[in-house]
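Given chain A, put chains B, C and D in place with the hints provided.
Residue numbers (this note's numbering), protein chains in the order written: chain A, 2 to 280; chain B, 49 to 369; chain C, 535 to 848; chain D, 401 to 999.
Fair warning: there could be bad hints in the mix.
Derived lysine to aspartate or glutamate pairs resembling DMTMM-like cross-links, with alpha carbons at most 25 Å apart [claimed, not checked]:
hint	chain 1	residue 1	chain 2	residue 2
1	B	107	C	662
2	C	574	D	922
3	D	432	C	705
4	C	663	A	271
5	B	247	B	192
6	C	574	D	919
7	D	556	C	662
From chain D, some residues computed to sit far from chain C (all C-beta separations above 12 Å) [claimed, not checked]:
hint	residue
8	514
9	536
10	762
11	828
12	938
To spell it out: a stretch of chain A is covered by chain D in this simulated footprint if at least three of its residues, at any positions, have a beta carbon under 8 Å from a beta carbon of chain D; those stretches are [what the hints assert, rightly or not]:
hint	region
13	42-48
14	130-136
15	145-158
16	228-236
17	240-250
Worth flagging that the hints you see were computed from the coordinates, not collected in a lab. Cβ coordinates follow ideal geometry from the N, Cα and C atoms, glycine included.
Spelled out, the chains give:
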Amino acid sequence: MTGTAWQRLRDNGPGIAGLCIVLVFALVAVCAWSGLLGQGWAQVTGGRWESAGPDHWFGTNLLGQDILARTLQGAANAIETGLIVTVFSIFLGAALGALSGWSGRGWPDELVLWIAGVLDSIPFYLFAAAVAYALQGHEWSMHVAMIVTFWTTTARIVRGEVMRIKSREFVEAARAMGLNGFTIVLRHVLPNTLHILVVQATITFVAAIKTEVILSFLGLGVKDGVSWGLMLAESSQEVLAGHFGNFLAASISLFLLLMGFNLLADALQDALDTGKVIR
Amino acid sequence: MKPVLEVRELSVRANSSGVRHRLVDNVSFSISAGQATGLVGESGCGKTITALAIMGLLKEPAFTVTAAAIELNGRDISRLGGRQQRALLGRDIAMVFQQPGTALDPVFTLGQQITRVILRHRNETRKQARQTMLQALGKVGFADAEAFAAAYPHELSGGMRQLAMIAMATVCRPAVVLADEPTTALDPGATALILQQLKRLQADHGTAVLLISHDLAVIRKNCRDAMIMYCGRILEANGAGALFARPRHPYTAGLLACIPRIGPRRPAVVDAIGGQVPAMTDLPSGCHFAPRCERADPTCSRAAPPPEALGGGTVACYRPL
Amino acid sequence: MPYLARRLLHGIALLLGVTFVSFLLMVYFGPDKTYDLVGKNPTPQQIGEVRHELGYDRPFLQRYGDYLRQLLTLDLGLSDSSGEPVSAMLERSVPVSLALVLPGFVLGNLLGLAFAMLAAWYRGSWLDKLITSASVVGMSISFLIIIIALQVLLCTPYGLNLFPVRGWKVEGLASYLYYVTVPTLALVLVTLGYNTRYYRAIVTTEAERDHVRTLRAFGASPVEIMFRHVLKNSLIPILTRVMFSVPLVFVSGSLLLESYFGIPGIGQVTFNAITSDDQPVLKAVVGLTGVLFALALSVNDLLYTKVDPRLTER
Amino acid sequence: MLKKLQGAALLALLMLGGCGQSPDPGGKVPVKIYRHALDGAPASLDPAQAASIYANFIVVNLYDTLYRYKYLARPYRLQPNLAAAMPQISDDGLTVTIRLKKGVHFVDDPAFARGKGREVTAGDFVYSIERQFDPRTRAQGAWLWQHRIVGLDEWKTRGSHYDEEVPGLRALDEHTVQIRLTRPFPQLAHTLAQGFSALVPREAVEKYGLQLASHPVGSGPFKLLQRDGSRAVLVRNPDYRKEPFDLATEGYDPATQGHLGLEALQGRFPPFVDRLEIEFITEDAARWNSFAAGELHFIKVPVSQFDNVLSQRNPLKLSAQYEGLYHFAASEEAGLIYTNFNMADKRIGYSSDPVRNRRNHALRCAMVKAFDWRRRNEIFFYDIGRVFPGIIPPAVPEYDPAEDRGYTRRDLARARALLRDNHWTADNLPTLDYGFPNSVTERQIFEQFRNFMSQIGYPPEKIRPMIFATYGDYQRAYSQGKVTLINSSWTMDYPDAENIMQLYYGPNAAPGSNSASYDNPEYNRLFERAASMSESPERTRIYRRMNRLLMHDCATISGISRTLLFLWDKHVIMKPDRSFLGGYFLRFVDIDDSAEDEP
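Chain A extracted, bound-state conformation (with noise of 0.2 Å):
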């Protein structure tokens, strides 16, 4: 990111605080990985339903577990979920993106646009259920199913780009030099989508965690371990028993990390203004 739009950035209260709350998260999910923090998650600590207290800030679930570690743990998931996710989707992305946007309207260009739509006109949740088939419902099975779904956004508008890269003059020049198409690509193309690339790994990002969580409250996310979603899942049960614990744990975290992001996002495109992504 450039100094200009680092000022730019700086000076857009949202965005500051949108990547504040982010930060906030991360900070979480690295706690909870390097096991500092919601360690406790699975020990039954209390009674069923026991009400928030000081012992369990956010009183205890059906079995009796501390819904404030479950909670935390949560967030690592859905943090660890949206950058495997992010990180993948968004290099797939790039990669054939910019390889059918460089090939122009040749045969690579065809395929990849042909699978982009293919896996578009695909109901997702249907696609994640039959990836979670296919994989035997392998842990990575919801991973998977996202990644192969998200690329695509990212795929298209890479490609544009590079297709008006392409033309410049510095790449004619490149070409001039007689460096090969994969060198300019990754020496002169690329590095000028990276704004985008930016933006779009935010988006991807709010998605993922989105997904993450609607997917482990039907059952095709999160296997062993506990999620925003899964805690949903129970809440949808409880809630209309009169337990809110779950659900007000879970959806007030969701909220405010998708909320961070999303403010992160708008900041970022305005810093960087490549025009509002569109979701």
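What follows is chains B, C and D alone, placed relative to chain A:
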């Protein structure tokens, strides 16, 4: 003779991200019926802004427009808004824009767009309106008006679009037409056509035309009066003849020096103005031209020189030629 | 028109792809109903019989071929669980889903567009800011949370308790509203944020075009400008969004709603098909969604040419 | 309801600018409607596929079976339904003769000549049982009669040709059936009270094929009007055979049932209601809210609502706010919930190496000791489930109250000792796969289990969850021995302990119902010996002995029987039931319209 349009102490401020700077600074002038007045200046000096301000098209929060008065046929329109203002626009005062390419809506035919204006401002039936529209197109020289009415902007050349613009601007016989660089985007042939149309306007309906241009030649040929604008201020105003024959303001003089004379005898450009046009965001204090003016002295940078009557016109300079 | 032919070709390629991928995933590697159908104390031989009955033992290509034929002839076979003809299940459930999702879908888009146009006309004003930030908030609330919260607030004694927790016994307008309201609200809430923001992005760019300035210079009223001109100019991206969301809204979207509110629409049929390993139904749903999508794509391109004169010569 | 309506109308105003008339959603009609809720939806309505309690619940109302259970008698007793009398059994117990009632007709259907439902005959019974042995039927009930009826299995292997007669299954005349058994089968009459055995007309099968599953053609008290994934609507079958309701025959007990107003039914002809609306609501909460909102007449109270519904536990007492509104009954389910060890899995079950075999046995017993039934009962059954040692539940007469409760008493010290003495340490303990079909509760049950075990030092990461998207997948996995810890529940098919004891009979090993693949020669011997006996003190002794064998081998962590709570509207006259009676009681349900207003 009574001026049709009189502008008094018009100022425009742009408010972008906190910093507010003047685009038009305390401009006053007037133009009278049946004649053309030229507004000259380098691009970005505030000509267009002035026109838009007069039309009342500059909106808060992006812009702040202040004026002692903008009188159209003696009626102050500077404080009008909403319905009343819209009633004027296109009927009593109209504007022709610089880019005929983008100034028309691409998804409607010329006919539709002109007819809308008629229906808006003159109580005519659709049928009548259509006739009026066809006549207007005919007047500006479209032989086969029907065909043009049915055409979409992208199907026409720039010149034709601009003619259509003029047809649209004049269909309601406005008292004033603000023509903002109407010819810059066009080839010489089209330019000639357009200017001829503007002349016809003045002649036929006694319309007053404010011809905005950076091209001194155009102004000289087509205007009775001319005003020189620089960094949002009018530095000199006078009858075109007088002004071009004997410029009083150093800047005017500089500009005139830039006009290529016909014939090979002299180099295309002589003693052009040195230095750069300052950015509107940080204008020098006092006379904005002072830093580039070889006649400037400390007084010039102290306060903006007020317009003084001189040789039949007005000049805003402490040390006029 | 060669352009049309090209589109058609693309459409077919797309369909082949969709059917193949979905078949591979949902049928070949997909769920296995055998063990739902074997009785207690089955012998391996009986299990074999059931697999044969279900046709699981036939070679891949043959099964895929049959699948394509089924889609072409719209003869979708019988559900493995209920024995009902799949086509009958669709005829029964699709209208329900339409009735369920349509109001929310339409409202969500119209409101989004309305807010977007407000924001665009008062670009940069407090109203614009309010609308934009509100839409960001909207985008940050998960569908799940909205559904659960709305149910508690509107359908339970803990809240207003005005509407049914679940079900779909529609006989006439009143009962329709009675059952459709909460799902509609949920749908609107979840889509509004995204729509508003998307449409705002489009409408603002359109509202800043030169010809809009021209219109104002000729005294056109805000209403005329926004609705007659800006709207028509931004129709293409709007149509695109609508067309593309149609197939997915009606399957994925209603899946969550219907499984949560116990509404017997296509979503629930699909959900049950997933949880009861009902391959014929899954195949039909995915196949038909693919078809819908391909159609949407082509129709969309046709609409373009209708909407924008600049695209007619192609 | 009315309150809700205003809500709807109000929103109508907001949304569409108002709508005038607003009839009761659900439609106010002058007929008696009974609204019931099931916690699951039936897949198929073909008797041959009526495997789930949900399917069975509805099938027995659309079709007729030869026998049924008495409405009110407890313990359950059989009662002729389509049969004229109880079966006549020869002295050697091998020949069974059953006479059918005359003049009973199937409902009218295009499948029949001229669309008129023809008379039900003995041939229909023969055909219906044979269907179970025809692969094309996708039947799921064959296991009830497998290897028991002379020539039936061979009939199948010869390709299931219906024209070919089965020696052991013959219609002597229009209304007499004769069944010849390979060995005495005391439970036969019970199997003929199941949906599986319901009588299906051959014409319908041949006309509708697999579609029969959604287009029932029977002779039961009700006809199917409409059905989808979320509800089924049944209407009274006007041609249903006229048999007056008699309290005495149904085993009425004024002492315990006097308050239900059943006397009003005496001498009238069932079915009493014109229309059954059966909602399939899987989510407990939604079901409860629907009931609380007055949309349902009956509910099996979800555990999450026990706090709310009950004011005290023993004796169970309804909380004041509901007493005025609802009738209330608690019934102990005839079945059990247990967690099997996969004995075929060397990691924890039988091992060829005697040492490992002994250590595995110790490990299993340690886990049994580590399991906290008190807590399980408290959290998931609101402390009103019945915990009992082994597999013989209190619902059957074989249950032994005197049995030593040690097997279900938690004893961490003992468990740890067992591990220590057999050199089990956190490092060398085997990694186990605990399987369950995906659901919130199943997951919670797993987490609790893992938590129990972690308290004797079993590392949590060594008990892995194996989650399956559907129950079918789960079943397949453990049938193929892929799951080490199999959490399952068994609901008895008929009120005879034999139905439970077979769960651990060696030859029934996976993919059979003996999911533990438990194989103890003595157990098997005893089971075979008891197979031909009907309930008797001797058989009881044998069964109890088998139960002890099982516990000694620590082959399963067992067990608990749920206590089910039923609430139903005071206007409704009925005695609901969930176990063997299945849906039979629906025909006896009546609505007291002296107080007309619907809840």
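Task: Hints not upheld, ascending by number - done: 7, 9 and 15
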